[in-house]
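These protein sequence lines are chains Y, R and V, in that order.
Sequential numbering of the first sequence, starting at 1, is according to our numbering.
Sequential numbering of the second sequence, starting at 1, is according to our numbering.
Sequential numbering of the third sequence, starting at 1, is according to our numbering.
To be clear, the hints were calculated from the coordinates, so they are not data collected in a lab.
Do not take every clue at face value.
Cross-link-like lysine to any residue pairs, in silico, SDA-like; alpha carbons within 25 Å at most [unchecked claim]:
| hint | chain 1 | residue 1 | chain 2 | residue 2 |
| --- | --- | --- | --- | --- |
| 1 | Y | K33 | V | A41 |
| 2 | Y | K293 | Y | L155 |
| 3 | Y | K265 | R | V179 |
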Amino acid sequence: MKHSRLMLGAALVAATFGLGAATTPVQAQDGKKFKIYLSLSYSGNAWQSEAANIVKALAATPPYNEMVELTEVISGTDPQGQISAYESMIEAGADGIVSFPISSTALNRTIRRGCDAGVLFFMYDATVTQPCVYNISYITSGFGENTAQALVNELGGKGKIFLSRGVPGNSVDKRHTDGALSVFQKYPGIEVAAEYYSYWDDRTTQQETAKALVAHPDVDGIWAQAGEYGAIQALLDKGGKLVPMTGENSNGFRLALADPAMQEKGLRGVSAGSPPAQSGYAFKLMMEILTKKRTLEPSNIEYPLPWVPADSVKVCEGETFENGCNAFPDGVVPSSFVTEVLDPVLLPELSIQSALNGTPVEGATIQPLPEEVKIGANEPGINCQDCEPPADLYRLTKIEPTVQP
Amino acid sequence: MTPQTEMLDKFAAERDTRKARRFDRHTVSAVVVFALCVLLILASRLVSPSLGSFQQVLTVMTLASFLVVLSFGQGLVILTGGLDLSLPALITLGGVLTTTWIGNGPGAWYLLPAVLAVCGGVGLATAIGIVWLKVPPFIMTMATSIIVASAALGLTNGTPRGASPEILLLLMKGSYLGVPAPVYFLVVFAVAGWIVQSRTVLGRYLYALGTNREAAQIAGVPVTLVSILPYVVSAVCAGFVGMMLVGYANGATLRMGDNYLLPSIAAVVIGGSSILGGSGNFAGTVGGAILLTTVGTVIAAIGLEQGLRTIIEGAIILVALLLLREELFERLRGLSAKVKSAG
Amino acid sequence: MTGPAISRPYRMARFQPRKLLASGAGVVFVLYVVLYAIYAALQPSALSSGTFTNLVNNSVPLAIAAAGETLVVLSRGFDLSVAGVISLTNVVMAVYPQQGPGGAVLSLLLCLAIGGAVGIVNGWLVAVLRLQAIAATLATMIVCQGLALLILDAPGGMVADWVSYELTDRLFGVVPVSGLFALAVALAWLFFKRTNLGIGLYAVGADEQAAALSGIPVRRVRFAAFVGAGMIYGLAGFMLSAQTATGNPNAGTPFLMLAFAAVALGGTSLSGGRGGLIGSILGAATLMLLQKVLFSGGVSSFYTGIFQGVVLVVAIVFGSAFASLTGRRTAA
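Isolated chain Y (complex conformation) (with noise of 0.2 Å):
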């Protein structure tokens, strides 16, 4: 019995070797190639998925596909494992580090030492505070207070609403949800009647919304991070009416808000949010620099917030957007798929599968980013430390007030 207990565990570690030797991946010979890490800390849902997957399918476009040899690397939740993780790509040799980094200061002193070797960090949508960073990221753009106008916009200035925010105790969800209070601040007839995190999940949205609807049925609206079309859900399922709403960009929620059926009920507002495609843009950026097609110091660049209306819905016929369509027919993607993926300007080389599956458009090659960069505002604890914010930090961009407070 003991015996056969060593013997099965010999087994398991000569299959587990066995296995590892299987699975990895071919070693590039040729030194020439830039070695580009991919590091994902959070893992596992759409957005993640698909903001990994045009990385990919851009490393295996031509000419990239004989120039980059990308590793993904998942470090989950803990920021020790993305410190650790850091820290070996920087041993290893890399030339630079594509990230979503799972803390905006914890990364900082593996980052200096990573800098002072030479490698280029750029991280896509979450930012960090080291300055020798690139931080490519809409969160300068000002979701919170833009669609928080939006929504103040269709109640007429008064209502009870609801706030659906992230992940407490994340600067990400901080900053939105701050520059939103300062827009409903500003209305004495706007009324917060219940704020809850949803995580940025469909189902733990759909959840507590359910629950702030049973305290508050006679809500008016609803301002929402992503897990947005969890909350139309949540309203489907009490009967009755929708309210206007604001949100993310997520395929439900663009075909709910483009919907007759639900305009009918009362859904109106802007899908705006988080867009995928911002890893795809700091990764040609940064082959740009690579390869000497243009120069930047490290900066905090802003990826520009995606702002579509109910109007402005255009559920697209192909694989790309093409002729200014926004959305995906239902089926083809499920609902909880991050639309703001591709780009008909920035990203021209992807298409829905690259999206879905991380393989590269037969017949595309790389084009050329726009010349300009716009570089976004200083946010202390966001992007920057020691730093000052503008003082007009919640300005609004996309769009003005209708009603005044």
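Fit chains R and V to the given chain Y structure using the hints.
Positioned in the frame of chain Y, the structure of chains R and V alone reads:
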């Protein structure tokens, strides 16, 4: 009074009253938990006028149905002295397989059981590791969790696709006589689960195993089989919860099970079961699940900042635990005995 | 009648290599060495002191947290409040930094005090009020998380420079300072193990009734275990703050599962009565090293999870198989 009659009196007072003890500790604790739920719902009217209503009860029970099913499996595992940490991963597996293999296509009636069978298979593998390789349940289920989560990630390439099968939508979204379908399901499941745990031979075997393994073996309980079964059942329950979530939200994601692990353990413990195994009943666990969901509903309605809300949530759980202590029952029983003997 | 024979430590002072190897700590130490050898083979720079320091800095918070957890596990309990204490001490360090070496000592005492206070609450709930450990510490963990959110509602703050620079640095250019803290915990344990309280800990975990009948003050031992564990978690939060240099109200959450994995990997039985802190410290180091080995081995990211799970199981199987081969009782 002679010394003999004094002694007779004394013995008379110490009669064997076991049968007379109609309410054993666990029944009382289950009742207390349900009473706390009702109290909390009524008290929540202070927070908002729309609360404290029948609608709130229905919503709470709908939302609690996931936790109730999950806690049944977790409760069986805890009953035999183990702990199952792989439930979130199995919820995800059940949900992901449902949307990926079935979607809203045909064949749901035989594919849904197939998905459950796959989950059960994973549970079986876990159980074999625990029973045969003697890996502690904590570690084995943690390892299973990591492996299954990785597999699901690889299988779906990060984005689970597909919608919910029709039958699940009927189960989770339907409403009959003004009461949502999940509420009916919860009641039926609660009764069935209680019967299986407390009134069948298999249930007795589980209690025996959890109380004293050696004694159970000597008494003829098929120890190996009974050790393996709870893990299979909990895996199937978790897979089913995944299906319920798919029906509820019409889709699956790779993290859908994450927030259910600690509540599943809390529901079992608050319901009066001992974490060391061998005691507790499912009625208490159902009460614990509903209490936790009620607390969540009430907290959500309080307009305080998140830090304070979290503290209140922890405090309520603590209060519930304090009210359900073993010693409190002993004292109450002592009190009632004194009252009886005085009257 | 003489009192219980626990005034004389039963562990012999002689060095017994076979027994050492058979103990949980021995097995995990061997595992660690093997993994490090593989790591060095794949990555030549692994043997440099800079890389080793990074590895130690990364592993020390988890190692110390696992050490604290072991105290409670040995007495047959579960302490979930490790996550709460670490989050709380981390945000306190970041929001109320104390400058200079004197400030560092002050911060350290503050962290120990916070951890100790939580430990006292836990001890009171579990040892005195006889609540179940897993449930009571779950509640205290939630309360601590809430407190952390109240102090700092989003990642930020700044840990004092002296702490974050000196404590991640190397002494004489070779010895990582953070490693010395872990060593201090290990040495304190070796001393504590031989005291009445330490032996009582094992006895209570192995068989509470027998311990009570032998005259061991069970409630006091349990209480002490929770308080000691709490203070050690405070130290872990202190070291974590030194490493990340900032505060995060959710800093402690990943430690929950990892701490238990480290404890089990280190050979401590989760039903109490057997094992030790040293094993847990090494178990934590092994877990962190595993990540590096998998990375260097080019294991694709999807399979990382599968590997970690399998290695965990294999290590436990080997550990208990070894233990039974060398004549000790098999794991429960």
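Results for each hint:
no.: 1; hint: Y/K33 - V/A41; in the structure: holds, 23 Å
no.: 2; hint: Y/K293 - Y/L155; in the structure: violated, 48 Å
no.: 3; hint: Y/K265 - R/V179; in the structure: holds, 23 Å
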